[in-house]
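Novice: Residues per chain are reported as follows:
There are 2 protein chains.
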Amino acid sequence: MIQSLESCAKSGARLVAVAAGREPADLVIRSGNVVNVQSREVLDGWEVAIAGGRFAYLGPDAAHTVGDGTRIVDAGGRYLIPGLCDGHMHIESGMLTPAEFAAAVIPHGTTTMFHDPHEIANVLGLAGVRLMHDESLLQPINVFTQMPSCAPSAPGLETTGHEITADDVAEAMRWPGIVGLGEMMNFPGVIAGDPKMLAEIAATQAAGKTVGGHYASPDLGMPFHAYAAGGAADDHEGTAETDAIARVRQGMRAMLRLGSAWHDVEGQITAVTEHGLDPRNFILCTDDCHSGTLVNDGHMDRVVRHAIECGAEPLVALQMATLNTATHFGLERELGSIAPGRRADVILTSDLEALPIEHVIARGVTVAVAGEMKVDCPHLDWPAETRTTVHLGRALAAGDFEVKASRATDSVVAKVIGVVENQAPTEALKARLPVIDGVVEATEDMAQVALVERHRATGRVVNGFVSGFGYTGRMAMASTVAHDSHHMIVVGTDRACMAAAANRLGEVGGGVTVWKDGAEIALVELPIAGLMSDCPAREVAAKAERMVAAMAECGCELNNAYMQHSLLALVVIPALRISDRGLVDVDRFEVTGLFEDAA
Amino acid sequence: MIQSLESCAKSGARLVAVAAGREPADLVIRSGNVVNVQSREVLDGWEVAIAGGRFAYLGPDAAHTVGDGTRIVDAGGRYLIPGLCDGHMHIESGMLTPAEFAAAVIPHGTTTMFHDPHEIANVLGLAGVRLMHDESLLQPINVFTQMPSCAPSAPGLETTGHEITADDVAEAMRWPGIVGLGEMMNFPGVIAGDPKMLAEIAATQAAGKTVGGHYASPDLGMPFHAYAAGGAADDHEGTAETDAIARVRQGMRAMLRLGSAWHDVEGQITAVTEHGLDPRNFILCTDDCHSGTLVNDGHMDRVVRHAIECGAEPLVALQMATLNTATHFGLERELGSIAPGRRADVILTSDLEALPIEHVIARGVTVAVAGEMKVDCPHLDWPAETRTTVHLGRALAAGDFEVKASRATDSVVAKVIGVVENQAPTEALKARLPVIDGVVEATEDMAQVALVERHRATGRVVNGFVSGFGYTGRMAMASTVAHDSHHMIVVGTDRACMAAAANRLGEVGGGVTVWKDGAEIALVELPIAGLMSDCPAREVAAKAERMVAAMAECGCELNNAYMQHSLLALVVIPALRISDRGLVDVDRFEVTGLFEDAA
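So the protein lines, in turn, are chains P and G.
Going by my numbering, the first residue of the first sequence is number 1120, and it counts up by one from there.
Going by my numbering, the first residue of the second sequence is number 1120, and it counts up by one from there.
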């Protein structure tokens, strides 16, 4: 059962009556060592009483709050820590719906998430954001939504399924689960005074909500200062100690992230552990976690453990994942600490460093014990249009992936996207390619890449070449996860396989598929917006694992190759990318021709 | 001139343009050592640029923000600290209007006050609160209003000029300058679940604002826990280290006060300096300051200096008077630190311990230099009804102060209010008093006390006896400052003098007057609500000083005797008080007869 939660304002009378001993509590946790993140102490042997999903009493003896029907949990000397908060993240990165994401992370002690549904915004616009928001509010834990700020991420260089406007932002600020603006990624726009970006920030500030930042540049000079002046209240793009220090000095909170691929805690937490900065402005987050990470490694528990391993005092690390986060979003009276009036989100653990998540209570209800879920995470009934977002317009054929030479020649010099292992930026390469029967052919060390428009059924296919994956034989791989506008990216060595893979995703409504020698050898169905599955994380993680194995079977041995695949259209990161508008020279921020010479 | 201030939301474009070097700043402060309360560091040689009353740039070199018309202040290596915030206070305690209070404290570096106009609420109700709120918003510094919660303070035991209802609270939450609910003094009501008190708290929480607390009991057991469960977010009534620790553990902020008569910092700050609690939840405030304190000793600068003398690190003490306060009221993006976007409230000082307030800038405008005001503090045009609040109904005569014996006797045993030096509680004494011509007479070691109803012109006078002031000869003293319902209290040894004093206050519209041998020897006019003067603090302080001297001339040598006088009707503090309903036995919370036997 899910604890239906009254507002703080409506809970007062009951909480007072329980604390005063006039009414019995719903739940009392006895004999715990309470981690008090407000005072930064451990209070040995303290007890809590919970009523209506909120803490009513915290003190040395809750006996007076126990009555008929009060459930008792004996902590047996274990620690009580507040439920963990993820200060910034994208649910879609787990390829899971909010419900299934919640079900995956609750056993890891996450009881609050602040998520930015940026990916679905690109596919379904404000309506998609609303659905994520609505399913978030159904959960037995606190899932708050940050309104996406930048769809498209690169106006003029890509076409999204829908755009987000400043009016959309203003409207969303009135929704109950919206806590602020999602990361303002268009930092060049803010710095340049782009009126649309500033209007989104202003709408958020006028609503008294929190403006999320994203300053993805190592330049801490004038552009950084201009961005800080624009109003971003936090930033999670720092990687070095100097980044974290610079942000905090500007009155921004430094969010330190440990995601599946992000490892930015160790390099920055020394701002506190060695440089001695006041820790109050540091927040832990994940940003992006794959389902496999959630299943195998954990979520915010993993981040807190890591912060402690990096030298943070356990209580300070816990503050960074509880109170600091709540304060940042103006929710410190609502959650983030074990104190009267707050949502009764609490974890029992027997060790403050290893941090085993033994018993998780959210809003006064036991939601997980020893890694097992004890409640359901309700699904929204996602409307049909969210499950039919792959609009190819027609069946694709091998010929759609032919790159025609425009003149009679036996070779051309083409621009080639060079994927580099473990790096987000690509290289802008050039290669002389043979022309056979008027068709430009990839050489053996490269593959073709195609961007298949899938939002407006235009049937448009943009073709190009990519190197670095190491594919051999006859293969293709297609994905409708294709940041940020999420068209379909197909990479392959065989045009028939490429067409088959693309059509397959049209058939299943999106996902990732790998084909070899004319047959599908792996499939991850992501039917919702082509981004998410409403199956459990364990199933999705198994399919994703199979997908990675299939890529290896096709000859790809790159680390994190799927991420490279899904970022081929990310036209905000250098150097050469592909979009529905054509090949994009990101360094010059313009669409460019495929051929170096006049082919 | 006063800096008209645009909202943060409307300022963004200008701030970015200045930080980026595209537009010139209004003001640049060069070569300062910036106290960064966000990171808790001093940044040597840093500079700030200010535009539109807000910080646009904070960094090592603001040269790029200087243009034609940019004013330059060279800090010459002095420290830049954020303007100081008073976390909880009553402007009326200074006997000054908001404008004159602001003018008195700006030279001391106070740039933000959170004030609870509880006194005027008792006299003029919601309309009075609105006027205080409106004048507050005219000031060149930030004067936020907390909506008074408890008028009357003791329902049933006193009659105020107006009452404050839960609907009033809900309405006030929509006013622009209201930041929350003023101290919820009716802690027995909260603990007992009084619906009116809980409705006021709920209205405040529903508006997303801060609930001020006031738990004036040493009992840290069940009643304290019940009060904490009621939703108070802070408390300034603690006096001992255990009080402060207990509050912070419950997720309440501990406000440590140093007022004219309150000395509660030294006893509690050890919670941080010795007990090692996280300092973020500690806030400094004054609560009540007399005009003399403001003129002679200072305001928040005095409190910060004192906290440092008590062992707090200077940067931690400054956080307690800047960032911690701003965060508490949800204003950390708006003020309380030197950081982009915040109101440009900054002090230049050459020493972080002695803390001389050398130059005060508020919203980017120099408001005081070396103790001298450089701007005006605008007055509201207070409406006539606020200047005519002493409604006696008729001229009082000596006979009104006669205590008649109801039967033929030569003596009676009367209850006597015993004033104790340096203590707020009074003693409930008894004395056998002579009856002469049917009138009960005070003996030489005591005086008469009368409560003259002044809100509704009923002409009602409640008479009693008081001991402890030490008055001799023929004298009387009257005051319309008479906490909390602010009728008129007259103490005297001579009934003709008492009548003359009372009539005199009726004539001048309120204040304090001292009479000796039939003539007035001191007068402090407080024409606004009978509580405040709109003359400068220096003038009011001089008159108040003369008043104290006059009391001494009448034989009173008690420390702080005027405060004792003005608290004689404070029917929430034991043991025996006087109200318009009669003599009040505060221990039993009931009106009681004047005579012990059936007189």
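Among the clues, some could well be false.
Which copy? The list can't say, so a pair holds if one copy fits it or any two copies do.
[As the list claims (entries may be wrong)] Here are the computed lysine to any residue pairs in the SDA-like style, where the Cα-Cα straight-line distance is at most 25 Å:
{"hint": "1", "residue 1": "Lys1328", "residue 2": "Leu1450"}
{"hint": "2", "residue 1": "Lys1328", "residue 2": "Ala1289"}
{"hint": "3", "residue 1": "Lys1129", "residue 2": "Arg1293"}
{"hint": "4", "residue 1": "Lys1523", "residue 2": "Thr1507"}
Treat the hints as calculated values from the structure; they're not laboratory data.
Novice: Take the hints in turn and mark each one as holding or not.
Specialist: Taking the hints in turn, this is what the structure says about them:
1. Lys1328 / Leu1450: both (11 Å within a copy, 11 Å between copies)
2. Lys1328 / Ala1289: both (11 Å within a copy, 21 Å between copies)
3. Lys1129 / Arg1293: both (20 Å within a copy, 19 Å between copies)
4. Lys1523 / Thr1507: neither (32 Å within a copy, 93 Å between copies)
In terms of the numbered hints stated before, the structure departs from hint 4 and from no other.
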